[in-house]
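Using the sequences and the hints, build the whole thing.
There are 2 protein chains.
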Amino acid sequence: MPDMKTYDFGSGRTDPASFPVAELAAAAQQGIEEVGTDFVNYPGELGHLGLREIMAMRETKREGIEVSPDHLTLTNGSFQGVTMVAEALMERPGEIIVTEELTYSGTIGAYKRMGAQLVGVPIDDDGMRIDALDRTLGELARRGTPPRFVYTLATYQNPTGSVMPRPRRFELLEVARKHRVVVVEDNCYGDVHFEGPVQPALYALDDSPDVVYLCSLSKIFGPGVRLGYVLARPPMMERLLDRRYDGGNSLLAAAVCAAYFRDRLWDHIEFRNALLKEKRDAVFAAFEKYGDGLCSWTRPVGGLFIWVGFPPVANRQVLREQLAERQVLHAPGSSFHVHGQDVPFLRLAFGFIDREDVEEGVRLLVECVRAAVADSAAIAASESESVTMASVV
Amino acid sequence: MPDMKTYDFGSGRTDPASFPVAELAAAAQQGIEEVGTDFVNYPGELGHLGLREIMAMRETKREGIEVSPDHLTLTNGSFQGVTMVAEALMERPGEIIVTEELTYSGTIGAYKRMGAQLVGVPIDDDGMRIDALDRTLGELARRGTPPRFVYTLATYQNPTGSVMPRPRRFELLEVARKHRVVVVEDNCYGDVHFEGPVQPALYALDDSPDVVYLCSLSKIFGPGVRLGYVLARPPMMERLLDRRYDGGNSLLAAAVCAAYFRDRLWDHIEFRNALLKEKRDAVFAAFEKYGDGLCSWTRPVGGLFIWVGFPPVANRQVLREQLAERQVLHAPGSSFHVHGQDVPFLRLAFGFIDREDVEEGVRLLVECVRAAVADSAAIAASESESVTMASVV
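In order, the protein sequence lines correspond to chains A and B. Counting from 1, position 25 in the first sequence corresponds to residue 25 in my numbering; the numbering is continuous, with no gaps. Counting from 1, position 347 in the second sequence corresponds to residue 347 in my numbering; the numbering is continuous, with no gaps.
Everything labelled a hint here was simulated from the structure, so no lab data went into it. Be a bit skeptical, because a hint or two may be false.
Distance windows between CB atoms, simulated [claimed, not checked]:
#1 60(B) / 10(A): 46 to 54 Å
#2 341(B) / 92(A): 40 to 48 Å
#3 115(B) / 10(A): 34 to 42 Å
#4 44(B) / 374(A): 34 to 42 Å
#5 341(B) / 270(A): 55 to 63 Å
Computed list of chain A residues with no C-beta within reach of chain B, every gap over 10 Å [claimed, not checked]:
#6 113
#7 142
#8 210
#9 355
Here are some of the chain A residues that sit facing chain B, going by a computed Cβ distance under 8 Å [stated by the list, open to error]:
#10 25
#11 38
#12 290
Cβ atoms here follow ideal geometry from the backbone N, Cα and C, with glycine treated the same way.
Take a look at the structure:
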């Protein structure tokens, strides 16, 4: 039944076929023996030292700065870090957090449920626009409602895939300093890099305790292990840990992963990135073949996502129905807009889908877009939506 | 240097010598292979099905009720559950949570940092006093500040070791129903049981969604694995998960523990309880030999703690100094009082210390108490403190 086939461009997961099950199982033996009877102790609020050392070396090597394992706390994925900073820095419901106008749907949902008010800053191909950030922070200060922090996905932005260039990073840090606002940098896609120079982390460009850095093993390994980390310099780290209540991160998960990664972190990353790059390139090729003139698509140099634009006239409901019928899983653009605006985009994640299914998946997607555009009911809606498109990209 | 020896009665940990390192390492291989490439998926908000099934069977067998794995979410120890319920049920800072007047220091600290106001209910040898609970809830309702929930350690209470008898459990549930208050039952010491009948969980006596149950692998296995769980019936479970932000509990830790426990949960528990009971009995014997007439001590039928009373006249500072000098690690009574009152008690945890060191540790402790009582400076303080003692036990 070929019509039952699923094309899973849904969530940001890594390549399943290459997950090193046997190697991880072998490492588990070693990792567990190394912890030994220490399993009867609590992991401590920073967590397993061995994995912290490996992740500190990861940061040191990528960023060229000295990162201490004492400034690193292991978390349940980077997402526990996303919420930990809000819990630590927010004082009461209704306070403001500034983000890119388009940002990770999980972050939007969690911050809103925690009672924060999100203020989105317009973005362009290079990420958050600094002039707009400066204006926003100035306006919020004048109103007497300065934000608790700026949350940014400066590298391999989710959902757009953009990377903020180095000069703009300095400008961002300068504007944040000027307005005395903490910057929280979510670099969860760090090291999922395919070509060209790697842009430095904000954390590496500013040694102030007011820059907090989040990273993860989810994107270089797998989200199932639930391992991520927060980097923060004193006294910020103490402030974050004061709002950490889970008794620390699993020694078991961390020790097993430390044993696995100890001697092969970069080999592991290099091997997986090559596979991911192939899939990404297959998405590009398929869009060039089928989508040209109808769709737009970003060309990210890293991360797991491509942000696909379609004509604003497209009937959203028809598009949703067609994509569901053809089992083309994706994330709708509106879920990444801070106010849920129905932007004429959708996000494709290319890490999980079989390499062989990419072309057909994209072909079907384009077909769905074409059907949605053709739908006559769409025409009436077109004027208001074209404004929307211009305002978000 | 015998004077450098440490007597570690400090925190509630299990017996290290009997931790099954080799068996866990062997199980890891199996558990990891079972998950296989599913590590590239998120664990889901409930977590690894295999471990949920084993834990649901654990509850079903102990409590004699049907527990569904769908009403169970895995957490980083039971402590993530402790805070998850507060995050889900509290609406704003300053709201009230009712607890036993003496309760787990970690809970007190976390709830206070989360902005809750704690109201303590007096306890006796059978746990929380229901007449006092009824009065407290009535008074809070009259003031227009009903509590968000009642948090109770009804079984193997921390720090006192008491177990609430079955009839009183029904009374507690009735009073909670009458005042329409949610009950959160922390049964993290569940199955660490040494003799006599097991009292039923509140969760098993009331099928209302307003009874939430917390449990753990920390006390039957080791806190280093960071695995616990919350049981809640709909719609309470949805309400709790709505405030869960960590992307779920580690598949890696859970799968490994599921493979370990699958065929030996009860053998594991029985074997460890026998070792713990020996240590507990050694503490009893040592107090009978050295402490009679000077100290009081509880005789818990389960859990990991003994609550040791000393004469209120004892000079606390001298006691602290003497215990520190002799390296008798313990938890001071004041850390378990909701308002930090300096009650003339301390808590001994007997799970971690070597069986051979118990007698000498208790002998030294009694010596320290004797020195603190003998200290002349203590006499002036005695009057006010004797009032304190009467009010908390």
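Each hint tested on the structure:
1. Separated by about 35 Å at the C-beta atoms, residue 60(B) and residue 10(A) break the suggested range of 46 to 54 Å.
2. Our hint of 40 to 48 Å for residue 341(B) and residue 92(A) is violated, since their Cβ atoms are close to 29 Å apart.
3. Restraint check, residue 115(B) to residue 10(A): a C-beta distance of roughly 37 Å satisfies the suggested window 34 to 42 Å.
4. Distance hint check for residue 44(B) and residue 374(A): the Cβ-Cβ separation is about 38 Å, which falls inside the suggested range of 34 to 42 Å.
5. Between residue 341(B) and residue 270(A) the C-beta distance comes to about 59 Å, which sits within the given range of 55 to 63 Å.
6. Listed as a non-interface residue, residue 113(A) fails to keep its Cβ farther than 10 Å from every Cβ of chain B; the least gap is roughly 7 Å.
7. The non-interface label for residue 142(A) is consistent with chain B: the shortest C-beta to C-beta separation is roughly 27 Å, beyond 10 Å.
8. Distance check on residue 210(A): its Cβ is at least 22 Å (rounded) from any Cβ of chain B, clearing the 10 Å threshold; non-interface status holds.
9. At roughly 15 Å, the least C-beta separation between residue 355(A) and chain B is larger than 10 Å, which holds for a residue marked as non-interface.
10. The restraint placing residue 25(A) at the interface with chain B holds, with a minimum CB-CB distance near 4 Å, inside the 8 Å limit.
11. Satisfaction of the interface hint for residue 38(A) is found here, the shortest Cβ-Cβ separation to chain B being roughly 6 Å, below the 8 Å cut-off.
12. With its C-beta approaching chain B no nearer than about 27 Å, residue 290(A) sits outside the 8 Å limit, and its interface hint is violated.
Hint compliance for this structure: hints 1, 2, 6 and 12 are not met, and every other hint is.
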